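In order, the protein sequence lines correspond to chains A and B.
Residues 1 to 669, numbered by the working numbering, are exactly what the first sequence covers, in order.
Residues 1001 to 1102, numbered by the working numbering, are exactly what the second sequence covers, in order.
Honestly, the hints are just simulated from the structure, not real lab data.
Remember, it's a predicted structure, so these values are computed and weren't measured experimentally.
Ideal Cβ positions, reconstructed from N, Cα and C, are used throughout, including at glycine.
It cannot be assumed that every hint is accurate.
Claimed, not checked - Where chain A lies over chain B, by a calculated footprint (3+ residues, C-beta under 8 Å):
{"no.": "1", "segment": "1019-1029"}
{"no.": "2", "segment": "1059-1069"}
Stated by the list, open to error - What follows is a set of in silico ranges between Cβ atoms, one per label pair, in the way DEER data are often shown:
{"no.": "3", "chain 1": "A", "residue 1": "649", "chain 2": "B", "residue 2": "1099", "range": "19 to 27 Å"}
{"no.": "4", "chain 1": "A", "residue 1": "634", "chain 2": "B", "residue 2": "1099", "range": "16 to 24 Å"}
{"no.": "5", "chain 1": "B", "residue 1": "1099", "chain 2": "A", "residue 2": "626", "range": "23 to 31 Å"}
{"no.": "6", "chain 1": "A", "residue 1": "645", "chain 2": "B", "residue 2": "1090", "range": "17 to 25 Å"}
{"no.": "7", "chain 1": "B", "residue 1": "1003", "chain 2": "A", "residue 2": "635", "range": "50 to 58 Å"}
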Amino acid sequence: MVAATLEYAWLIPLYPIIAAAIVAFLGTRIKQGGAPLVLLGVAASFVHALLVFLQVIQGAGPHQVSWEWIVLTTHTISMGVLVDNLSSFLSLLVSFVAMLIVIYSWAYMSQEGTGRRRYYAEVGLFIGAMLGTVLADNLLLMFIFWEIMGLCSYLLIGYWFRKPSAAAASLKAFLVTRIGDVMLLIGIIILFLHFGTFDYRQIFSAAAAAAEAGTLETVPLVFAGIMIFGGAVGKSAQFPLHVWLPDAMEGPTTVSALIHAATMVKAGVFLIARSFPIFVHTPEVFLVVGAIGGFTAILAASMALVMNDIKRVLAYSTISQLGYMFLALGAGGILLVMTGSSLGYAIAIFHLMNHAVFKALLFLGAGSVGHAFHHAADPYDMRQMGGLHSKMKRTSITMLIGGLALAGIVPFSGFFSKDKVLAVTFDAGLHEPFLYAFWALGLIAAFMTAYYMFRMWFRVFAGTPRSKDAEHAHESPNLMTAPLIVLAGITLIGGLAFLVPWGSYGGMQAFLATDINNYAPGFVTVTAYTAARFLSDLFTSPLTYVSLAVAAGGIALAFNMHLRGRPDPAKVQARFTGLHRTLTQKWYLDHVTNGIASFFAIVVAGLSAIFDRYILDGFIGGTANGIRRLGGHVRTWQTGVVTTYAATIIVSIGLLLIALTFLFPYMGW
Amino acid sequence: MTDIPLYAVIMVSSTLFALGLLGIMLHASGIRLLMSVEMMLNSANINFVAFAGYWADPSGLVYVLFIIAIAAAEAAVGVAILMNLFRHKGTVNVQSVRAMRW
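Make a model of the complete structure from these sequences and hints.
Structure follows, in structure tokens:
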């Protein structure tokens, strides 16, 4: 029975999708707009993923189940699932976090009336698509789920589509991620042309064999790798395609939590982790991944410093944290190629896990605050809040835990992963010196992270109420706070995940490194860290204390400025007006994007106009004129005189007879 | 019944056809034009019958029946047009009708 769950792992993405289909097409009779059914679907995925995971940590993976899908004369394209260590772990994580978010939605969306049916159908499809992306065994199937996810994000961000800003935000998300998707498709096609298959394992083994024989063509692979990373940049909102994520706040907060924590943006990180066995042959790609990630980490953190909307602060924080993950993947990839250590790769996934949990917690907490403020004009404006701690104890304390984890304070989960991201970057700097610069940027970003997170917490929960709504705020229902408490509990102990043994594996690092070892043998040469080694490394390295001090400094600054008013934030803002405006204007990147887009639009439109006016109109108008003039001549043949017609017929038939008799035989007819 | 040679029949039908053609070319009266057309159709009929006998194939005879039916219909339409023409113009001279032009 349990063993069969591995064989039927392809059902994991299907439960929520089936639930979503039932809710969408037959859902009027289900109570709560379909919430119970979608919850059941996601819970089924979770249970199934858990059973699969329990077997995989005993060494059951990699296990592939696939069917022939498109059979061509030269190629066969299959569809199926690949259950290996990475995908089984991520499907468990995704389904778990998504399940809590659906439970939370039950209460959060209860005021939405009939529109909830649309919400639950789209959420179910969204979660199913993410699970499909993670579990797919080939690039094509992965891309299909990837695109379904893009569609669902569009639909959910635009859930309140009657609001113009929500409609615009959904369109922006769709179009911006589309740029990345096209690049991803190009990358996939290049790999297909190169290896003749979409199947991950076949590509990995072909690449490994070619590298072994020294016949690997690196130029197309580097190009394909950068294109695939382009897809991840779009989906995971990295610079320069990060602009859609902050605007995605227009959707319901639960959707934001889903996008930021469990689905969508994590798909990009997953994609790079999944492609690791190809990228190890072309380390150039890792440089690009690390550089973009490191730069995004600090860019987004700087913008989060000045936002007044809780959700926007969290959105920039997500972009920044994803930047850390890509930095870890890039630096970790270089470390893997140079020294054979899989630490960076594992740390990136570890940070992904921790971030999924604490960012879900923070967003659901923000939703809980918004729920208390739902009468306010802008329920997420932190300038209207303050002093909520005494009124919303559960939300306040769980968000404090999430904030401490995000800031990287020991012993919360974020501390272990974030600190190690920086340590890995520093280690990789030995081989690629420019990574030292990204380590420094990452450290500054860590300071900013601690500051903006606690600026938010102090402004929302500490001090005195700054508006009537804040005075009358009250705690959200238990159905909403329960997921917060569960997530906070995991955030508290999440750091242990890296230390405890995983089934037959020594720990998370050994567990994840096994995949790379299977697909690209010979790269992982350093044995995974034991818990003792990990901890002693962590607590004897001076870098750890530097980043802890930096985080503590950020919190202290936030405390001084926003609780005690020394220095007064308003004065600081007045002092640095230019900088403040640059940050609130998001480094004018929206303007730059708009400028580039409108430049191209104007150029293309201008060229089209010229083509339309002179070439198309000239051609069509000329043809019409010519035919009209020809008609003017031809119609005079219509004399109205019957005898003329008769003569014409007779002469024509005569000519035809002559032609048939004499001319055609000569022409060989 | 003595065999009439094929060439003789073709001669007769060709002559009939040529006379009909000549009639169309030379006359202006609508009635005469109709009659000329009938002559040409019937010359074709003669050919059909002759060749049907020559090849001992009855399908030619079937065509003759079709042509007779169509010729009758055509004549009816033609006469109807001419009667209307006569009502309006008091003549059946087709050269008097020049309004149906560009």
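For each hint, the structure was consulted:
Figure legend: the segment 1019-1029 of chain B, annotated as covered by chain A; annotation consistent (4 residues with Cβ-Cβ distances under 8 Å, at least 3 required). Requiring three or more residues with a Cβ within less than 8 Å of a Cβ of chain A, the coverage given for the segment 1059-1069 of chain B is violated, as only 0 such residues are present. Checked against the hint of 19 to 27 Å, the pair residue 649 (chain A) and residue 1099 (chain B) passes, with Cβ atoms roughly 21 Å apart. Our hint of 16 to 24 Å for residue 634 (chain A) and residue 1099 (chain B) holds, since their Cβ atoms are close to 20 Å apart.
The hinted range of 23 to 31 Å is satisfied by residue 1099 (chain B) and residue 626 (chain A), whose Cβ atoms lie roughly 30 Å apart. Between residue 645 (chain A) and residue 1090 (chain B) the C-beta distance comes to about 23 Å, which sits within the given range of 17 to 25 Å. A C-beta distance of roughly 54 Å is found between residue 1003 (chain B) and residue 635 (chain A), which places it inside the suggested range of 50 to 58 Å.
Hint 2 from the earlier list is the only one contradicted by this structure; the remaining hints agree with it.
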